[in-house]
Structure formats: C-alpha cells, structure tokens
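Enquirer: Each chain, letter by letter, is given below.
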Amino acid sequence: MSAIAPKFRLSYFIKSILDNVFWIVILFTLVGIPVLMVSMFYFPLPVMNEKLTSPYLMLTTLADPSRQIPLLKSVIHSDFFRITAFPGFGFAALLAAATIFIERKMLAKLQLRVGPFYCGKVEGILQLMADGLKLISKEIIIPAKADKPIFWAAPVLFVATAAAFVSLIPVAGGGWVVADIDVGLLAVFAVIGFFPIITVLSAWSANSKYPFIGGIRALHQMISFEIPLILSVLGIVILTGSLNLTEIVQSQIHYWWIVFLPIGAIVFFIAILAELERIPFDLPEAESEIVAGWLTEFSGMMYGLVQLGSYVKLYAFAALFVVLFLGGWNGPMVWPPFPEEIIKDGITMGPITVHLAGLPLLDQQMINDVLWFVIKTMGVIFVILLPRGVFPRIRIDLLLHIGWYKLIGLSFVNIFIALGLLYAGVLGPGGIL
Amino acid sequence: MATQLPPGLQLEKLDERIMTLNVGPQHPGSGHMRLIIKVDGDYIVSCDPDPGYVHRGEEKMAEYRNYIQNIPHLERPVIHDSCNILYPYCLGVEELLGLEVPERAQYLRVIASELNRCVYIQYWLAIYGIFLGHSTMFMWPAGDRELLIDLLEKITGARVTHAYFVPGGIRNDVPANFEDMCLKRVNYFEKRIKEYAAIFYDNPILISRTRGAGVLSREDAIRLGTTGSTLRASGVDFDLRKKEPYDAYGELDVHSDVLKDGDSYARSKIPWLDMFESCNIIRQALQKMPKSGSVRVKLKPNPKGGNDEVYKRVESGRGSLGCYIVSRSKPEPYRVKLSVGSFRNLICMPYLLKGEKLGNMPAVYWSLNYWPVEADR
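Same order as they appear, the protein sequences are chains D and L. Residues in the first sequence are numbered consecutively from 1217, following the working numbering. Residues in the second sequence are numbered consecutively from 336, following the working numbering.
Just so you know, these hints were derived from the structure itself, not from any lab.
Here are the in silico distance ranges between beta carbons for each label pair:
| no. | chain 1 | residue 1 | chain 2 | residue 2 | range |
| --- | --- | --- | --- | --- | --- |
| 1 | L | Val550 | D | Leu1349 | 47 to 53 Å |
| 2 | D | Pro1359 | L | Met396 | 39 to 45 Å |
| 3 | L | Pro510 | D | Lys1622 | 54 to 60 Å |
| 4 | D | Asp1295 | L | Ile542 | 51 to 57 Å |
| 5 | D | Lys1354 | L | Arg494 | 29 to 35 Å |
Only pairs whose alpha carbons sit at most 30 Å apart, straight line, appear in this in silico DSBU-like list of lysine-lysine:
| no. | chain 1 | residue 1 | chain 2 | residue 2 |
| --- | --- | --- | --- | --- |
| 6 | L | Lys577 | L | Lys526 |
| 7 | L | Lys529 | D | Lys1325 |
| 8 | D | Lys1321 | L | Lys529 |
| 9 | L | Lys395 | L | Lys665 |
| 10 | L | Lys623 | L | Lys526 |
| 11 | D | Lys1321 | L | Lys526 |
| 12 | D | Lys1325 | L | Lys526 |
| 13 | L | Lys519 | D | Lys1325 |
| 14 | L | Lys489 | D | Lys1325 |
| 15 | D | Lys1223 | D | Lys1354 |
| 16 | L | Lys689 | D | Lys1425 |
Heads up, the beta-carbon is just placed ideally off N, CA and C, and yes, glycines get one too.
All chains should be modelled from the sequences, with the hints used to inform the complete structure.
Expert: Printed below as a string of structure tokens:
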C-alpha cells in the first residue's frame, strides 16, 4: 500500500534529482543548443517587429524575454496552433482527460468507493498519467490472422476522425474555430459517418469472433441512431436558416433552442449516448457477453488510442449539444477586465518593458466565452456520464426498437414543432422573437 | 450435433451460418467453466456447458481424513457460503456418532448459517449486476457484504473460510454483547438492501431485459430437478427449512417467497427476497436463543462411526445441499458425497439458452444461481 520505497532516504532522492539536472544541463548545452542553432538556418523564421527573424535575433530573446511576445502572437494566430492546441485537439484532449478523472471520481462516489486515491497524492489526480504510462509500456500484440495494415490503421484513424470532428466546433466568438465553413453541421455529420466504418474495419480486420460480433453491433447501433441524430437537429436548421455552427450560436443570444425544441434536445441526447457507446448503450463493448466487443484484440497503446479517441469524441458531441441547444458560448460577462494600463503601457520589469497588447489571452470577451463554453460542456458531459452509475445494459433488439420506432417518430414531431413556430411567425427569419 | 466431435472443433463441419463461441474459461462472463455456444446471427442455437475446470477432488480427499480434519477442506467448494456447505456434513456425522447438539449451539448455527446465506447472496447479486452491465449493483452489494463479514469474523475468527460448524455443535461461543451487535447490523443491512429496489429491481431497463428471458415452467423446473431459488421462481414452494426443518428451524417461523414467472427477473428477485427472510429468521433466533449454556459436545479424539450410512440435506444459498456419508467403523469416512444445488441448476441451462438472444446469455446464466466451483467440487 505504501507509495514510498522501503529503502527511501531523502538524501538519495535529492542526489538523484541533482544527477538528473546535471546531465540535462550538460546535454542541453553541449548537444541541444548547437543542434538548435544549426537547424535554425534551414527553417524559415517568422517576421518579428516588422523584420525577418534570424537565429542571432532569436538568441537575444534569452536576454530580453519581451522580444518573445511578437513570436508568441504569430504562433497563436498560426493554423498549426489552432489545429494542435486551441481550439483544436490539445484543448479537446485536456477536457477529455478531465472527463476521465471526473467520471472515475463521480462513479466512485456514487458506488460508495473512493476511486483513484494514491497516484499524485491529491485524490489520485495523476492516475490517468500512470495509466497512460502503463499502456505505452505494454507490448502490442497483433493476432496472427489479422489483416495487419487495416488493424494498425484503425486506432489512428479513430483518433484522427475524432480530431476532425473537434476541428468543426466553435469554442468562442471572433472566429475561434479551426474550420469555419458554411455547411458546418453537414460536415459534422459527414465526419460522424466515418465512425461506423472504422469500427467495422477494425473489428473485421482482427479476424476474431468477439470483435466481429462487437463490430456488427456497433454498425447496427451507429447507423440506426445517426438518423434520429440528424433529424433532431433539422428543427434548429429550419429556425436558424443556416448550417454554419457559428451562426447557430449567434442566433441563440437571447434564448436557447432547448427552450423551444425540448423534444429535439432529448432525442439528440439519447442519440449521442448511443453514438458514444456509453451505458446503457454500450453493447458493442458488452463485457459479460462479448469480452470487450470490437476492442478485444487491441492491446497496449492501440487500446489507449481508441480510448483517447472515444473521450475526445465524447467532448465533441457534448460541445455540439452545447452549440446547438444550449447557446454555445453565450452567457453573462463574469470575467473581470484586464487592467488597461498594462495592456497600453506594458509591464516594466527593471530595464525591460514587455508590451502585451494584441495577445488574445488578454481579450476579456474571448476568455468569458471560453469559460461559459467549458462550463456548459462539462455540465453536458456530466449528464452523459451519469447513466453509467444508474442503468444496466440494454439489449440489441430493444435498442434498435428505440432507435427506429420511438426516436425517429419523436424527431419528426420536433420538426413539426419547428415548422409550426416558423409559419406562425414566432421564430425564424422575420419572426417576432 | 456436438456429440460426435471433441468440443471446440466442430466449427468447420457445421453450416456456415452458425458460429461457435467458446465462452470461457477466460471469458469475463463465464466463471470457472466453459459454455460452448453456437449462434445463428444473434440467436443461440445450442449451448453445451462444460464444467470441471475447478474439480479438486474434495470427496476423495475426505476419505483420507478423519471426521474432524474434514471440516476445513469440505467448505472450500463455496467459501462464500462455508457454513451452509458444512451443515449437512455436521448433521450427518452427528447422527453417525450419536451426538446431541446443545440448544444454544443449534440457534447459533441457524444465525451463522443465515448470515452466511446473506453474504453469499450479496456476492452472487454483485456478479449478477455486473453481468448486466450495472456497475453500481456490483459495488453496493460487495460493500454491504462487509457488514456481515465483519460480524462473522467476530464470531468465528475468519472472514470467509469460517470452519465454524463442528460435529457436536460449534467451534466456540460468540463474544459478549453479540446479540446487540448482531441485531444492529442486521437491521442496518435490511435497510440497505431495501434500497436495491430503487436502483436495480425497479429499473425499467433491467425489467425490459430480464422479463421473459429464459422462462422455466413449473413442470420443467420439477422435471429437470432444479432446486433453491430457481425452483421457487418457477412457482414451486419448496424450502427445506420449512419442509424438513433441521436444528432450530423447527421452532422458527420461516416464510420463503415464491414467484410464478420463472424468468430471469423472478430468479434474480428470489435471492434478494431471501435476504429479508434471513434477517427475520436471525431476529427470531436471537430472541429465542438460550442466553447461556454449552455450545459443543465433548468428542473423543479420533471418533469412529459405526457400520452405517447417512444422508442429510439442508437449504443452502443455492438450494438443497445434501451430504451422503458412508462409515465402515473407521476414523475416516468410507465415502463422502456432496449433492450440490449448483450442479442441479446447471442442468437446465442448455434448455433455457436455446433460442435465446446472445445478449440474454449472462442474464439467464447467472440467474440460475449456479456456482461453478461448487458444481465441480
């Protein structure tokens, strides 16, 4: 139980840290800096303070940190930063990691346990990191009869598709979205359409019985729930008159669509539970029937990638729910404004003055938007996680019955409500509200 | 059919529509056994249970040990129900040796046996919950079980493998203030298990899944020789505590519940109702128990039975549990045979699973109240 090794001595611990620091310093100065300097000559560097950066100019940032600010600005506004960090994959992965932690602790509290407790001292906050390290260090075993290229590609494709889905979600006003396209909602459904294909490919290529059954189940489930998923948001498209997700959010400044289209919201929520393969719809991974379903033959980091992909997908669906029904980033201003004299004059530290103007991190509106967006998304994620502690697994015939008979019927009712509101002149283009 | 070829090798010979699944012994939903299931699409065409992975030869081992030495290892097949599996053995040896059990020991045996039944059912219920994908129902019974395990530890000194019943009474008397402690815990336990209704038994998804799954009619239940909760869920009122009262059960008021549906839901509900009944029996026994007195008859070292044979049976957590002992005037029994409820409930599994959906397999399988280790002995 003890987390400390039996022969622990503080002096050994400090000595080992100093050893590591020594070697890091030696390697960095003797190898790292020369390699960095040499490689800088071969790559184009950004324009900084209206002059082309050179490796020598870059070196001066070590002496004067304020020279890094323009570089930071150019990085933040680059596509690379948007795709990898914010509002793209990095942001989504961070929220997904938070989701896993919240799920474990919440489920543990519900089940009268403590959950992750030792890793990271504070309530097991580093448990995910430990699990990730364990998965990375595990051997990847491929079944002998598997179709190897497709089997290898499946986890990567799964994460890539989830990341593509994330890139369509607008996070804050002022263009904080990776791909702001006019047919955003259509693109979302095009991306979602890849998930059943990847699932079936990975299940079939494993050439094993349980993954095959799991893959077929996943195919049935995803395809039959995609139809109510698409139909349930048709009401919003009718009332907004746009497929662009940013415009859909802007149309909800005064009221959220969940107020007028609650049936659509409920259908959409149930459909995303099924799309995400979460309890009570986790049949493709039903443990007691088909081992782990289509994930059975994945081992090591391949399994880790699929898990990462599915949690990123969970974030993306929750964010889509927020964008469509809960008003996206709209919310009252709660973030305090940044002191203006610092933005105008910069911070003076001794001989150096750092000018911060133009950094988006100081934009009060943008931070407020992101705050509201994250709060709403985490709320939706919490509600998505909750059934796991309450419901058992549903059976495949009952699941398909719900999908084809009930949800599709309800989503048509939702469309009629939207059309009624439109033709009565209450909402929509030219409406009184 | 499966009889011509060794199990697991028939896939190539069969129709291409039919897929053979080896559920177990390394499958998370199998327990210590294998089910050879053939599926046509989502429907199970045939099911061939293959127990025997945990056969330990308990009955043969019993022939080389004397009557007292047999106690700790005969309880091994069901360590979660270790008092009840020793019960028929002790009753049988007492009859062979002509021992009269003191009254206080009889009541304490009843209390320990009912506590142990609750512990077993909680464990069973936890696995039934996780088989249906309900993780809260896995954790709650597994946690509440600790209440009674702690109590049994205070009585017997061990958490699960109690070895508490000995021929001629019980191993040792209960600690002081046992009555209060037991009553308090049992009352709290009853309050806790009432909450399972809200999260599990009244859950609409659970009901839609298990209602009508694996229906065993009253006639089939009798014909196939099922016992315990499986039999009582099919509408047969058969409980050995009532029908053939042993020890102090004759002086207690026992009501065992009977349901008529015979499906997986009814079979899973009977053990839960049994736990309430166990709490009632414990409370009655605590009232009627003599407050002091001897708890064990003194035995000669190495006692010998006559040239005799005896069969005794009790109601365990899984139904009637019989023990047949043959004695040939030696310190060791000539033959010990356990007739366990698990194996008798296993027999109806191929009948129930045929034509069922694959998703119903765990729900039907575990509702039979079958403990693989006990069936193998």
